[in-house]
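J.: Working from the sequences, and respecting the hints, build out all of it.
Residues per chain, in single letters:
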Amino acid sequence: MSDSKIVDTAARSSTASAKSAPLEGRRARRRASTLSTGDRVFLGFTTGSALLIMLILAGVAIFLIVKALPAIVADWPTDPELHAGPTLAFGNFWAYVAPLLWGTLWVSAIAIVIATPVAIGIALFISHYSPRRLAGILGSLVDLLAAVPSVVFGLWGIIVIRPFLRPLGDFLNHYLGWIPIFAGQPSSTGSTILAGSVVLAVMILPIITSISREVFLQTPRLNEEAALALGATQWEMIRVAVFPYARSGMVSAILLGLGRALGETMAIALIISPSIVFSVRILTEGGNSQTIAANIALNFPIATSLQRDALIGTGLLLFVVSFGVNILARYILGATGPGAASRRARREKKAALSA
Amino acid sequence: MTTSVGNGPSRAPVTSTFTDAHLPRLIEVWLLLASAVMSGAALLLVGFNPAVWAVATAALYVIAIGVSSRLVENARKANDRVARALVTITFLLAIVPLVSALWTVLVKGIGQLSWSFISQTGQARFNPTTLEVTRTPGALQAVVGTFEITGIATLISVPIGLLAAIYLVEYALTTSHLRRVVTFLVDVMTGIPSIVAGLFAFSLFTLVVGPKAFSGLSAAIALSVLMIPIVVRSSEEMLRLVPTDLREASYALGVTKSVTIIKIVLRTAIPGIVTGIVLAVARVVGETAPVFIAASFTDNFNADPFNGPQQTLAVLAYTGYKFPGKDIAASNQEAWGSALLLVIIVILFNIIARVVARIFAPKSR
Chain L
1216 MSDSKIVDTA
1226 ARSSTASAKS
1236 APLEGRRARR
1246 RASTLSTGDR
1256 VFLGFTTGSA
1266 LLIMLILAGV
1276 AIFLIVKALP
1286 AIVADWPTDP
1296 ELHAGPTLAF
1306 GNFWAYVAPL
1316 LWGTLWVSAI
1326 AIVIATPVAI
1336 GIALFISHYS
1346 PRRLAGILGS
1356 LVDLLAAVPS
1366 VVFGLWGIIV
1376 IRPFLRPLGD
1386 FLNHYLGWIP
1396 IFAGQPSSTG
1406 STILAGSVVL
1416 AVMILPIITS
1426 ISREVFLQTP
1436 RLNEEAALAL
1446 GATQWEMIRV
1456 AVFPYARSGM
1466 VSAILLGLGR
1476 ALGETMAIAL
1486 IISPSIVFSV
1496 RILTEGGNSQ
1506 TIAANIALNF
1516 PIATSLQRDA
1526 LIGTGLLLFV
1536 VSFGVNILAR
1546 YILGATGPGA
1556 ASRRARREKK
1566 AALSA
Chain R
53 MTTSVGNGPS
63 RAPVTSTFTD
73 AHLPRLIEVW
83 LLLASAVMSG
93 AALLLVGFNP
103 AVWAVATAAL
113 YVIAIGVSSR
123 LVENARKAND
133 RVARALVTIT
143 FLLAIVPLVS
153 ALWTVLVKGI
163 GQLSWSFISQ
173 TGQARFNPTT
183 LEVTRTPGAL
193 QAVVGTFEIT
203 GIATLISVPI
213 GLLAAIYLVE
223 YALTTSHLRR
233 VVTFLVDVMT
243 GIPSIVAGLF
253 AFSLFTLVVG
263 PKAFSGLSAA
273 IALSVLMIPI
283 VVRSSEEMLR
293 LVPTDLREAS
303 YALGVTKSVT
313 IIKIVLRTAI
323 PGIVTGIVLA
333 VARVVGETAP
343 VFIAASFTDN
353 FNADPFNGPQ
363 QTLAVLAYTG
373 YKFPGKDIAA
383 SNQEAWGSAL
393 LLVIIVILFN
403 IIARVVARIF
413 APKSR
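One line per chain: the protein sequences are L and R, in this order.
This note's numbering applies: residue 1216 is where the first sequence begins, and numbers increase by one.
This note's numbering applies: residue 53 is where the second sequence begins, and numbers increase by one.
Check each hint, because a few of them may be wrong.
Claimed, not checked - Derived DEER-like restraints, expressed as beta-carbon distance ranges:
hint, chain 1, residue 1, chain 2, residue 2, range
1, R, F199, L, S1490, 34 to 42 Å
2, L, L1270, R, T226, 17 to 25 Å
3, R, P211, L, S1355, 23 to 31 Å
4, L, G1392, R, L230, 54 to 62 Å
5, R, G99, L, S1490, 31 to 39 Å
6, R, W82, L, W1393, 36 to 44 Å
7, R, W82, L, I1542, 50 to 58 Å
What the hints assert, rightly or not - Reference listing, derived: stretches of chain L covered by chain R, where coverage requires no fewer than 3 residues with Cβ under 8 Å from a Cβ of chain R:
hint, region
8, 1349-1358
9, 1507-1516
What the hints contain is simulated information worked out from the structure, not anything from laboratory work.
Nothing here was measured: the structure is a model prediction, and the numbers come from that model.
Idealized CB from N, CA, C, for every residue including glycine.
T.: This is the structure:
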């Protein structure tokens, strides 16, 4: 028994390179044959849980596809269920989902434009400007933003942000109304895309901030000190030493923020008064593009069975889009982000040791 | 003050930053005060508004520090000072919504919080003479639903998440394909839009159980889809912190691997793991969209999570505003009351997580 343990730990602590793959297989087989029953059961449970996670994710995709398919293939104008209610005006599924997808991307894009400079500024403040002792407390203060439930931000948006932004909306509409974004009849209630995006921006601040902050903190100290030693001011040091190093990390932070914004439901559903149109206007009452998530939340309770399938179809598209954005963000962070080089070096060193 | 460096006439004179003109040390404080007073005075003439005042002060300060530094010092230092001012302003900007949101919920919700709000369901009364429906706000059904749904979600997610984390850290070899795939999928799973998790649970239950399959269990499954990746992530991190020496010491004594993991590794990492789980619960307890889709919503008391619609506090906060009853004012009050209750629960969970981390931290000797 103890013999197998030694082999076991050796297999665990050394990393097999591609060359020693057959050896690895032999070790695994030997380990499996000498495991006690308890060990084997435990191994089975843990491996099973890992596999279950794959199953769940596959299940999400499969069940959404199966449930959405009837609405996607249905002939909308002749179907009694779909030619009514919220889906009345649309010829087929794609005509229904296209403006919603546009609205989702548009609202999220505005939120990203608002949130990114602020989030990067906060991250810089915590990593490079605030006193070292305060940094932890300030960081957790920003993380607290992430702990506030989205529905609370939605209610807050209704009674605080809507009236707060109305004068700004009127101002932009009056003086900059010739720009299509600010055009149209300004909203009297303030239930605009602008208000929704501002609340959305607040909600994605913590995710962008925490990732950028981590990346900023990983800037090699020597690079920073070298810049300062050459006489750079703090800001010049950040520009020449921190930003170039952190660029890909910042990009993936923004993408992860975008992924969060795409799926955010409550803030939009509560604040914006929507219509399913292609529109870039952000200050009007009637021309606010609706997002997929908010459209589902608003229509799901009143929808009939097949209309629900149509809504699930739009949700499937949202799943695919945010899946793609997340994969892209993880890929950028993993392939080129800080730490990637040292991880690679560690891997190679381990491989060299075990070879 | 310039000194010429070197002998050649081609060398430009170099200015020394040590002897250059400096702005006085407290200039930032004085300029800030001055801009606050000036913008405040200017606003008093046209009508005072704290938000506009803050914006005007910030703008004036940035301009003042930039201009004065450029005049007295030099352009590079001016840029540095402006950047410092802007970065600090962004941080303050982030604190404003946090404080404002919590304050708003507190002010609007505090009037609703009473024992009867927590211990009763909302009741509507019809007055035949005035033909009006009045409603006494109540959230008992939402309190019960919140704890049941979140509890079931925790019961599902913790074993799966923890065991998967143990697999990733203790069993999977770094080169294993399964490990790489699972790590990647957990990463991606954290990015699933919450409403999609709700739609998944709804689809699952309508296809398996049949139409009208709203139930607390369905909502709990939706929440576990969101919770599992969080649990895996935090547990994985905690397991990795356990020193390899401990495991090897255990193996050296002839202890089997599973017993080592349970008695040594988990024992060491348990405070961190519990903290992570409590934080994960705090995260999902405020989820609205998935519960709303999978369990629908109801004003009636339903303590059975396997049958019929259930309500949670987050959903009540949403439906009280978006789908109010006949008595709209009372529905809105219910929304604010449950929002405040929800915030209190979330903060409580966060505090519990901190306390657990501190009390049960391994004693350092």
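J.: Could you run down the list of hints and mark each one as holding or not?
T.: Hint check results:
For F199/R and S1490/L, the hinted distance range of 34 to 42 Å is satisfied, since their beta carbons lie about 39 Å from each other. Separation of L1270/L from T226/R is about 23 Å and conforms to the stated range, judged on CB atoms against 17 to 25 Å. Between P211/R and S1355/L the C-beta distance comes to about 29 Å, which sits within the given range of 23 to 31 Å. Remark: the range hint 54 to 62 Å for G1392/L to L230/R is upheld by a beta-carbon distance near 58 Å.
At roughly 35 Å, the beta carbons of G99/R and S1490/L sit within the given window of 31 to 39 Å. Range check, W82/R to W1393/L: Cβ separation about 42 Å, and the 36 to 44 Å hint holds. Against the hinted window of 50 to 58 Å, the Cβ-Cβ separation of W82/R and I1542/L comes to about 52 Å, which satisfies the hint. A count of 3 residues in the region 1349-1358 of chain L with a Cβ less than 8 Å from any Cβ of chain R is obtained; the coverage claim is therefore met, three being the minimum.
Under a criterion of three residues with beta carbons nearer than 8 Å to beta carbons of chain R, the stated coverage of the region 1507-1516 of chain L is upheld, 6 such residues being counted.
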